[in-house]
Amino acid sequence: MTYTVYRDTQATLAILDTLDIENEKPSDQDLAKKFGYEEAYFNNSMSFWQTVKPKIWLLMDEPYSSHYAKFIAVMSVFFICVSIVSFCLKTHPNMRVPVIINKTIEQVNYYQTPINLSEYTINQNRYSPPNGWKSDGKKGKNYYSNTWILDKVKTDAHAAFFYIESVCNAWFTFEIVVRFAVNPRKLDFARDPINIIDFIATMSFYSDMLLQYLAADLENADILDFFSIIRILRLFKLTRHSRGLKILIHTFKASAKELALLVFFLVLGIVIFASLVYYAERLGVNPKNDFTSIPEGLWWAIVTMTTVGYGDMVPKTYVGMLVGALCALAGVLTIGLPVPVIVSNFTMFYSHTQAREKLPKTRRRFIGEPNQPASGITGNEGQSTVAGITAANRRLNTIKQRRKGAAEPLLDL
Numbered sequence: 421m422t423y424t425v426y427r428d429t430q431a432t433l434a435i436l437d438t439l440d441i442e443n444e445k446p447s448d449q450d451l452a453k454k455f456g457y458e459e460a461y462f463n464n465s466m467s468f469w470q471t472v473k474p475k476i477w478l479l480m481d482e483p484y485s486s487h488y489a490k491f492i493a494v495m496s497v498f499f500i501c502v503s504i505v506s507f508c509l510k511t512h513p514n515m516r517v518p519v520i521i522n523k524t525i526e527q528v529n530y531y532q533t534p535i536n537l538s539e540y541t542i543n544q545n546r547y548s549p550p551n552g553w554k555s556d557g558k559k560g561k562n563y564y565s566n567t568w569i570l571d572k573v574k575t576d577a578h579a580a581f582f583y584i585e586s587v588c589n590a591w592f593t594f595e596i597v598v599r600f601a602v603n604p605r606k607l608d609f610a611r612d613p614i615n616i617i618d619f620i621a622t623m624s625f626y627s628d629m630l631l632q633y634l635a636a637d638l639e640n641a642d643i644l645d646f647f648s649i650i651r652i653l654r655l656f657k658l659t660r661h662s663r664g665l666k667i668l669i670h671t672f673k674a675s676a677k678e679l680a681l682l683v684f685f686l687v688l689g690i691v692i693f694a695s696l697v698y699y700a701e702r703l704g705v706n707p708k709n710d711f712t713s714i715p716e717g718l719w720w721a722i723v724t725m726t727t728v729g730y731g732d733m734v735p736k737t738y739v740g741m742l743v744g745a746l747c748a749l750a751g752v753l754t755i756g757l758p759v760p761v762i763v764s765n766f767t768m769f770y771s772h773t774q775a776r777e778k779l780p781k782t783r784r785r786f787i788g789e790p791n792q793p794a795s796g797i798t799g800n801e802g803q804s805t806v807a808g809i810t811a812a813n814r815r816l817n818t819i820k821q822r823r824k825g826a827a828e829p830l831l832d833l
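Using the working numbering, the first residue of the sequence shown is number 421, and each one after it goes up by one.
If you are wondering where the hints come from, they were derived from the structure by calculation, not from laboratory data. Hints may contain errors.
[What the hints assert, rightly or not] Derived pair list, reagent style BS3-like, types lysine-lysine, alpha-carbon separation capped at 27 Å:
id : residue 1 : residue 2
1  : K606      : K445
2  : K475      : K490
3  : K475      : K445
4  : K510      : K657
5  : K473      : K490
6  : K445      : K666
7  : K606      : K666
8  : K454      : K606
9  : K453      : K490
10 : K473      : K445
11 : K736      : K708
12 : K606      : K490
13 : K666      : K475
14 : K657      : K445
15 : K453      : K475
16 : K666      : K677
17 : K473      : K453
18 : K473      : K454
19 : K657      : K677
20 : K606      : K475
21 : K473      : K657
22 : K454      : K475
[Said to hold, decoys possible] Restraint-style ranges between C-beta atoms, simulated for each label pair:
id : residue 1 : residue 2 : range
23 : V691      : D608      : 37 to 43 Å
24 : M515      : T471      : 46 to 52 Å
25 : K453      : T593      : 26 to 32 Å
Backbone N, C-alpha and C define an ideal beta-carbon position, used for all residues, glycine too.
Please take these sequences and the hints and turn them into a complete structure.
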């Protein structure tokens, strides 16, 4: 093994140490150290909250620590999946119901036929005229009636989805509150992107529910519904329960330079080929030119370079076809070059993770941190131990050299 490979391995192991993918349950001493209760732990003076808080933290944040923690993790994944499925299904037309509005309509004629008012269709019953009145359609008495209007354009999700989301968000609220209360590093917890997404997604449900009561007739309600799409981002919470997803995310982080280079060349190629195809289509006779501007050509260049090819915009001149062929070839080469690097990084992280799982926990720390003292030895005691081992090795080397020097005259005889 060369020194370069050794340093790369050490860097990889250091990254894996930050992933928090250990399956073993931490000891009580490790928990006391993590929560800052070491002194109380060794003095046996821990309070009830100091004893219970680490255990609750294990239940909520360490799925592999016990069977109860696994059950809570399964429940969390279950509610995430139910929430996502409910969010998607409530947009299906068969899962929605038309809105019924109560409006006051002024009626002039007694015998009123169905009235069409923009998007509303009002089916009226036949009204009986008052005593002594016969309406001919030109004169009559004005009447006001409360009419139930069936709006066929605007629809709402079925009421069952509201109850499903209420149960799911009750669990999410309980989970995020408890996890924040028992977390030893609350500032890091608040800065975690996944926790931020979870908090915003949970609050979006309560804000929607509040707006339904305070602004039920709001015309721009669809704009507010658009922001509820952040609930889909709850899928990223699954990374807390999957080591493979954690490794994949860190693979993209380790390949950030290659990905940035890929994006740069893609943007460069998109702008160049969009400009080329715009002017190429204007060179020949082309009455059905799809490229009326360079921004529209940007869309075509993106679709072509990524080898998607929707076919909504196609070049019709020979020069434009040549530009399209070059654009497709450039896209294949640009996207294909960084992929082996990303795959190599993922394979490296995954293989090291599999190897670490087969080692004892103490051995993992020794390999990942070669300059650290052995497990259970900290501070000045660890430094003195390392110094003592170094001095002992020097004494052994001195003794060997002396014995070798004493044996040389005998060999000369």
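Hints, one by one, checked against the model:
| no. | hint | verdict |
| --- | --- | --- |
| 1 | K606 / K445 | holds (22 Å) |
| 2 | K475 / K490 | holds (14 Å) |
| 3 | K475 / K445 | holds (11 Å) |
| 4 | K510 / K657 | holds (22 Å) |
| 5 | K473 / K490 | holds (18 Å) |
| 6 | K445 / K666 | holds (19 Å) |
| 7 | K606 / K666 | holds (21 Å) |
| 8 | K454 / K606 | holds (13 Å) |
| 9 | K453 / K490 | holds (24 Å) |
| 10 | K473 / K445 | holds (15 Å) |
| 11 | K736 / K708 | holds (8 Å) |
| 12 | K606 / K490 | holds (23 Å) |
| 13 | K666 / K475 | holds (24 Å) |
| 14 | K657 / K445 | holds (21 Å) |
| 15 | K453 / K475 | holds (14 Å) |
| 16 | K666 / K677 | holds (19 Å) |
| 17 | K473 / K453 | holds (13 Å) |
| 18 | K473 / K454 | holds (11 Å) |
| 19 | K657 / K677 | holds (26 Å) |
| 20 | K606 / K475 | holds (17 Å) |
| 21 | K473 / K657 | holds (22 Å) |
| 22 | K454 / K475 | holds (12 Å) |
| 23 | V691 / D608: 37 to 43 Å | holds (41 Å) |
| 24 | M515 / T471: 46 to 52 Å | holds (48 Å) |
| 25 | K453 / T593: 26 to 32 Å | holds (31 Å) |
Hint compliance for this structure: every hint is met.
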